[in-house]
Amino acid sequence: MLFKTLGIALIIGGFGGFGLNGARRFERRVEELKNMRLALGFLEKEITCTYTPLSRALNRTAVFSEKPISLLFQESAGLLQAGEGITAGEAWRQGLEKLVRDSSLNAADLQLLNSVAAQLGMSDAAEQKKVFNLLQEELKLQEEKAREELKSGRKLWAYGGFIMGAVVVLLLI
Amino acid sequence: MPGSGKELLRKEILPYFTQPIKDLLLSLGEDRCRQLEEIRLRCGQPLLLKVGDKDFTIDSRGRLSEDILGGYQVGEEDIYRAIASISDNSLYAFEEEIRRGFITVAGGHRVGLAGQVILQGELVKTIKDFSSLCFRIARAVKDCALPLLPYINSSNGGTSVNTLVISPPRCGKTTILRDLARLLAYGSKRYPARNVVIVDERSELAGSYRGIPQLDVGPRTDVLDACPKAEGMVMALRSLSPQVIITDEIGRQEDVVAIQECINGGVAVISSVHASSLDELQRRPVMRELLSTQAFKLAVILSRQNGPGYIQDIVRWD
Chain W
0 MLFKTLGIAL IIGGFGGFGL NGARRFERRV EELKNMRLAL GFLEKEITCT YTPLSRALNR
60 TAVFSEKPIS LLFQESAGLL QAGEGITAGE AWRQGLEKLV RDSSLNAADL QLLNSVAAQL
120 GMSDAAEQKK VFNLLQEELK LQEEKAREEL KSGRKLWAYG GFIMGAVVVL LLI
Chain L
0 MPGSGKELLR KEILPYFTQP IKDLLLSLGE DRCRQLEEIR LRCGQPLLLK VGDKDFTIDS
60 RGRLSEDILG GYQVGEEDIY RAIASISDNS LYAFEEEIRR GFITVAGGHR VGLAGQVILQ
120 GELVKTIKDF SSLCFRIARA VKDCALPLLP YINSSNGGTS VNTLVISPPR CGKTTILRDL
180 ARLLAYGSKR YPARNVVIVD ERSELAGSYR GIPQLDVGPR TDVLDACPKA EGMVMALRSL
240 SPQVIITDEI GRQEDVVAIQ ECINGGVAVI SSVHASSLDE LQRRPVMREL LSTQAFKLAV
300 ILSRQNGPGY IQDIVRWD
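Top to bottom, those sequences are chains W and L.
Residues 0 to 172 (numbering that gives the first Met the number 0) make up the first sequence, in order.
Residues 0 to 317 (numbering that gives the first Met the number 0) make up the second sequence, in order.
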């Protein structure tokens with residue numbers, strides 16, 4: 000009886016934990032999109048107001064931003080500072096690859112971030128401002144969508160995990 | 000400080016190029032590297048090297064050839080990566096330089112830019128979609144102006160003589176002016192050292208990179224980098240107490256006014272001007288007006304008769 004109870008608790012707890020983790024991903028995505036927007040705003044100011052060279056601007060943005068968003072800026076800054084002939088676009092794409100391992104951003108978010116790679120640093124300040132403004136606007140829309148998904152998805156995943164656990168237990172019994 | 004041949008090329012120029020171009024240029028011999036004046040990258044065209052008076056290209060086996068059509072074809076990627084590297088991936092930080100059509104890189108080498116020019120009103124706003132780059136290799140030729148010192152300096156410690164260096168393009172006038180600045184600023188047993196100000200509108204004389212001269216212009220020389228000549232001369236006169244002001248390629252009415260102001264303020268002016276002879280110079284109204292004021296007491300005429308920097312004639316007007 001004891002083993003049975005323990006087994007039921009483990010199954011429901013496991014599925015429940017999986018569901019809660021899924022629900023937290025929705026929250027983390029919203030948080031990361033907001034942090035990404037703030038970081039890009041910071042980077043834009045570094046570029047358009049103080050004309051800081053890109054590698055240094057990315058480095059400063061990495062210090063300003065929170066994990067895991069800072070990984071993108073840290074990685075790209077490091078690659079550019081290594082001075083091995085890598086372009087800003089290539090460094091940015093490699094930074095995104097690093098970010099994706101620890102982030103809750105989805106494919107559409109990453110595609111948006113990837114879309115600016117070729118333009119990064121390669122035009123005058125006014126053009127750079129346009130690029131960053133557009134990206135921030137698009138990320139804001141993604142953030143709004145993510146908030147909507149959070150409302151419905153969080154409950155679904157949080158309760159769904161426990162319910163699924165209970166269903167599995169019932170089926171096993 | 001790297002030498003003037005292959006070491007200079009390897010340390011100061013090659014880092015801006017893609018690997019295929021790097022490999023080709025590394026195959027050049029020391030002598031060719033020393034004589035190399037320009038490297039030109041034009042999209043879809045062969046890589047061109049100006050060695051002395053001739054244009055060469057390099058074929059895929061690294062051989063120099065005058066048959067330029069058989070040379071390495073420069074691609075968009077070569078231009079894109081070079082411009083990204085020159086600007087440290089930060090073109091926005093070089094807006095002023097791009098507007099002027101060139102970027103000076105570490106070592107004082109100048110990279111001329113061509114591409115699609117964007118206008119704002121009637122003024123150039125920027126250049127985008129770069130289609131060609133011209134690397135002009137800056138080299139100081141120490142003591143090339145030594146023969147001019149007895150003419151320019153008075154041995155009793157008095158002022159230097161207002162001097163006009165007259166020369167067609169690519170005859171070494173910038174190199175002569177740079178060396179004059181260095182020699183005057185160092186001084187010698189025979190000639191006392193002078194406080195020199197270089198007004199370097201095109202960043203060629205001192206080859207400044209981020210405001211710091213990359214070429215030796217002497218220990219008593221201040222450089223107003225990227226500063227319009229006329230304004231720079233007046234600024235220097237008011238704030239830097241120069242004994243000699245050196246500037247390149249005068250020719251506008253405002254330059255003449257500024258030169259008059261400096262000379263009346265007791266400062267010697269040494270400048271260059273584009274012309275192949277005094278007669279040709281006299282045909283330009285602004286220069287005719289300047290010469291008629293007798294502001295300049297000495298003219299040095301350069302040519303390429305025996306290579307760049309050859310002093311063809313010296314004319315005294317005192």
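If you are wondering where the hints come from, they were derived from the structure by calculation, not from laboratory data.
Mixed in with the good hints, there may be bad ones.
[What the hints assert, rightly or not] Calculated cross-link-like contacts (lysine-lysine; reagent style DSSO-like; alpha-carbon spacing at most 27 angstroms):
1) 141/L / 5/L
2) 129/W / 5/L
3) 49/L / 141/L
4) 124/L / 53/L
5) 127/L / 128/W
6) 124/L / 10/L
7) 21/L / 10/L
8) 97/W / 154/W
9) 3/W / 66/W
10) 144/W / 3/W
11) 296/L / 129/W
12) 128/W / 5/L
13) 124/L / 44/W
14) 44/W / 296/L
15) 296/L / 188/L
Do the hints match the structure? See the list:
no.: 1; hint: 141/L / 5/L; verdict: holds, 19 angstroms
no.: 2; hint: 129/W / 5/L; verdict: violated, 43 angstroms
no.: 3; hint: 49/L / 141/L; verdict: holds, 22 angstroms
no.: 4; hint: 124/L / 53/L; verdict: violated, 34 angstroms
no.: 5; hint: 127/L / 128/W; verdict: holds, 16 angstroms
no.: 6; hint: 124/L / 10/L; verdict: violated, 32 angstroms
no.: 7; hint: 21/L / 10/L; verdict: holds, 11 angstroms
no.: 8; hint: 97/W / 154/W; verdict: violated, 30 angstroms
no.: 9; hint: 3/W / 66/W; verdict: violated, 42 angstroms
no.: 10; hint: 144/W / 3/W; verdict: violated, 43 angstroms
no.: 11; hint: 296/L / 129/W; verdict: violated, 55 angstroms
no.: 12; hint: 128/W / 5/L; verdict: violated, 41 angstroms
no.: 13; hint: 124/L / 44/W; verdict: holds, 21 angstroms
no.: 14; hint: 44/W / 296/L; verdict: violated, 53 angstroms
no.: 15; hint: 296/L / 188/L; verdict: holds, 24 angstroms
Consistency with the previously given hints fails for numbers 2, 4, 6, 8, 9, 10, 11, 12, 14, ordered from lowest to highest.
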